[in-house]
Amino acid sequence: MALDSKIPKGPLADKWTNHKNNINLVNPANKRLIDVIVVGTGLAGGSAAATLAELGYNVKAFCFQDSPRRAHSIAAQGGINAAKNYQGDGDSTYRLFYDTVKGGDYRSREANVYRLAEVSANIIDQCVAQGVPFAREYGGLLDNRSFGGVLVSRTFYAAGQTGQQLLLGAYSALNRQIGRGKVKMYNRHEMLDVVIVDGKARGIITRNLVTGEIERHSAHAVVLGTGGYGNVFFLSTNAMGSNVTAAWKAHKRGAYFANPCYTQIHPTCIPVSGDHQSKLTLMSESLRNDGRIWVPKHKKDVEAIRAGKLRPTQIAEEDRDYYLERRYPAFGNLVPRDVASRAAKERCDAGYGVNATGEAVYLDFAAAFMRYGKEVAHVRGLDENDDALVKKLGQEVVKTKYGNLFQMYEKIVDQNPYETPMMIYPAVHYTMGGVWVDYNLQTTVPGLYCIGEANFSDHGANRLGASALMQGLADGYFVLPYTIGDYLADDIRTGPIATDTPEFDEAEKSVRKNIEHLINNNGTHSVDHFHKRLGKIMWNKCGMARNAEDLKSAINEIAELRAEFWKDVRVPGTNDEFNEELAKALRVADFLELGELFAKDALLREESAGGHFREEYQTPEGEAMRRKEFQFVSAWEYKGEPKDAVLHKEDLVYENIEVKERSYK
Amino acid sequence: MNLTLKIWRQKNANDKGKMVDYPISDVSPDMSFLEMLDVLNESLVQKNEEPVAFDHDCREGICGMCSLYINGEAHGPDRGITTCQLHMRMFKDGDTITIEPFRATAFPVIKDLVVDRSAFDRIQHAGGFISVNTSGNTIDANAIPINKHDADESFEAAMCIGCGACVASCKNSSAMLFVGAKVSQFALLPQGQVEATDRVLNMVKQMDEEGFGNCTNTGACEVECPKGISLENIARMNREYLKASLKG
Ligand SMILES: Cc1cc2nc3c(=O)[nH]c(=O)nc-3n(C[C@H](O)[C@H](O)[C@H](O)COP(=O)(O)OP(=O)(O)OC[C@H]3O[C@@H](n4cnc5c(N)ncnc54)[C@H](O)[C@@H]3O)c2cc1C
Ligand code: SF4
Ligand code: FES
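These protein sequence lines are chains G and C, in that order. Convert by adding 478 to the 1-based position in the first sequence; the result is the number in my numbering. Convert by adding 414 to the 1-based position in the second sequence; the result is the number in my numbering.
The set of hints was computed from the structure by calculation and includes no laboratory data. Please read all numbers here as calculations on a predicted model, not as lab measurements. Incorrect hints may appear among the rest.
[Claimed, not checked] Subject to a maximum C-alpha distance of 27 Å in a straight line, what follows is the list of computed DSS-like cross-link-like pairs (lysine-lysine):
#1 C:461 x G:1014
#2 G:852 x C:562
#3 G:991 x C:425
#4 G:991 x C:562
#5 C:562 x G:869
Chain C with its partners taken away, still in its complex shape:
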């Protein structure tokens, strides 16, 4: 395949940045999208130009490090996958592909396609945990049976990889899906009940301070989420928040 790539280039956080065109030829449909960018970068290095910076690590859809806004969609055109799992067989010979960073006020660009998502970490510092010490002096794991349905639902919420596609896809740059998933994971388990009130209040407070927008229920986040995190998690967080506010 021969393609034209339109890629966002930005030297650093202070640079204004612009789209730059790169033709690329002989792309195999079996390549992953990031392998295609590897090929581009190899050729840029050969020409003594700076390669395109992008985040990635596991390249198997689990670490949440890769991002990229491809042809107007977070993680590109395929569904239920991350950018590193996107394969070139999704594109046709002659296509033009635009590649931009995940954009949001709370995710400033570091360089080219690399953004700073540390706001997500700070939301977790505010309450994304159960306060048990790691001494191992806890009760036997099977002392608290947990309804399989709840356990499975909690697991589904916990599958969030913290990639930020939900934020990038939302016209308000809301982080509700991400935060809702974490709140839900604990809300669905008996272990999470003790601190439920503080957890949701603190996490939401931090989310607001980081400059994420409000949720207006457009549902774009759910569509682009590579892990199928459902809007139900936002609803659950809202219920938890309401409950906590009434108590608080």
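Pulled out of the complex, with its shape left as it was, chain G reads as follows:
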């Protein structure tokens, strides 16, 4: 099948408006006759489910946690972008569009990104109307901060809990619809397959995580908002339950999977502390507004620090290497994530890492304390030359901005970041790749839609900070509810979809078969054992720097590990009860397939772009080298084994933006 991205004709700025004016609508009375399944209740799924219900559709929503409020969107810290230009610093829809395409290293679709920028301002209006308590200035208006890769302040935030507040906003809209009976909510349910009838997505198979019951649910369309697949690396900033299962099952049923190798390794996370580590914790990018990143200039200092004989605060200014400020004077500490991560790795690989494992750099707030403290002292008429006072005042300011992050850091590392610089290291954080969708957010399977982090759509090869929240809510509140109507307009006379059909039988049977295999396998190793081994292969061979040889061996190793998993995994307990090991096993089984496709995709992409860095393709200064021949989306069609997947290319055309060497110098 040829890929059709269905980008509307006409000038960039008019595409979305024209499209909305021309697509089919479903009249309110008919919407009552139509069922929609929404899997996922994060920013994307939660906002979509609420909006679809509000429009009049009958919605069934699913999540694997015990409440929709716990989707991993809750953990987003730093903020959400919107082209409001409240700061009057020259922001505009075009500039947000431009920054996002450039930040994505010219690997995203122009029309989608422009639409995202266009609806961004609306998101803030909507959230404020819902009672989302964003940070405000003393005059009562909304405050902004800046994020990496841009030169304006367009990020709205609620301390270090922006995702929480936005998700609770979407959750409240969802609650309103649940209360009205328009959304039926299924908590602690895991989707394990999509059901395709006559080529259209017509339902899903789920497992009730409390009782183990396998259930059939039908609808006229199915929407996946199931989040990212960073946990394929085992260690990531994702939640323990974050998984690829829904997206992968969709892929196996015909949805193409796009750019799986585009993964974001976030530069500022708390370093790994030992083998027991179960996940990694992000320290928001917003900290790079005020924190300066450095390592010692001299190896002897590095050694003294590792031996515990020297404290970072004892190293003189001139003996520190603020390597981002040195290499990228224009953007300094606010270069995009991929650039900052690689620069940290470069310093640590060169032997300048500042903890026992050699994999950590400093993020230092000392200068910010003094800068803010002086401002406050000045305003309050206090002594600006009293360093101790100024530092204390400055620390208070920093505390109101990032208090919860500092507390989180202290609890994990057992060091006080107000007194000593934080230690950070890059970690897997976000997946730009995902299910391929067209302009309408429809996958290659008619009636199957994919939104939020689960799709591949807007961030190209690297996502800029504060833009995932924006995308999730744009998709869910403002895009999908319109575009899905175009498809559903044909379904007003279809009537309810039956679940006692051969298609549902077959899907349920295949789910049961896997479960029975796992439960009866009685192997020797736990699920985590396999997951950790997969994570090691991914991190070492498909991580921050990749090369052809490693990728080829990763493909084989993952295939072997998968075979071993099915032969040797041990899942205790039974199917018909609460069984966390079984739930994990089903997720890891899918990661073991995705990992292989991931490596294959990375091998194909003989260039460096954004988060995908191939050692063979770099400039003499060690920067990513994009190649014109690879200006396409790789969309993979499932054909049995992941390594047999067939490539379809969607060429990326840039008509409104000049494709340039990305420079942050």
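Starting from the structure of chain G, add chain C with the ligands where the hints point.
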């Protein structure tokens, strides 16, 4: 560190349940409490025994999924944190640690340490929202300036993660802190005024129907709340309730 864990084991909602002892060795002080339980579970799987079921997801103190009543305290001995943020450096070699579920009539046990907190969701369905449609056709976000102090206070109330520690810590199993926080978030904002009366009446009604107890102002909830939600929110809800009842 070597420790003895006393853990509540209960096969399902109908099982009676009991405490079971598990010795555990080589615990690193840098482990989180849940990572320690991971290690225990790994060893149980190896022995072909059933691992201990407990709720968790984000493991960074924000999703509200983790619970656990540790040595008689919701979220354990440390303050201002959730169980997933508790680290083993809070314990000493040789300690015995008791681990129980969050107990309350309104939070029935599902298995071992996992409880059903859907009552919290139902209270929110009853009124935890502002009835604006998500069309985006609202006024510009900066059209209503909001006093920074009110906005900050509203945010502090909105920081509640819905974990239920307040209920588990209260001798009456009252949910007043949780409900008070939500009512306060909206009561402090101009957007929330329109539906203020119905909101507080409906949410409190649902809270009572779910079988949560009364508040007798002992303040245990505030002490154990991982997010520092203050008792002031209960007082504010009481004022809102009184105001609404007089109108209603
Ligand atoms: C620590 C952290 C900080 C971040 N900070 C920021 C930030 O400051 N700004 C920003 O823009 N972005 C940030 N991001 C990224 C952003 O938070 C996410 O990309 C975004 O929230 C994803 O939203 P979502 O709705 O697509 O998915 P999620 O919120 O992950 O929701 C997924 C939903 O799908 C459900 N689900 C998944 N699989 C299944 C299944 N098989 N069956 C049933 N249900 C299923 C889950 O239960 C859940 O409800 C951050 C991410 C992390 C991890
Ligand atoms: S008020 Fe505190 S203890 Fe109660 S649910 Fe909210 S965060 Fe948890
Ligand atoms: S697991 Fe999310 S708060 Fe503890």
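Hints and how they fare:
Pair hint residue 461 of chain C plus residue 1014 of chain G holds up; C-alpha atoms about 25 Å apart against a cutoff of 27 Å. A distance of roughly 22 Å separates the Cα atoms of residue 852 of chain G and residue 562 of chain C; the hinted pair therefore holds under the 27 Å criterion. The hinted pair formed by residue 991 of chain G and residue 425 of chain C meets the criterion: a straight-line CA distance of about 25 Å does not exceed 27 Å. A threshold of 27 Å between alpha carbons decides the hint, and for residue 991 of chain G with residue 562 of chain C the separation of about 57 Å lies outside it, so the pair is violated.
Straight-line distance between C-alpha atoms of residue 562 of chain C and residue 869 of chain G comes to about 24 Å, which keeps the hinted pair within the 27 Å bound.
In summary, the one numbered hint that this structure violates is 4.
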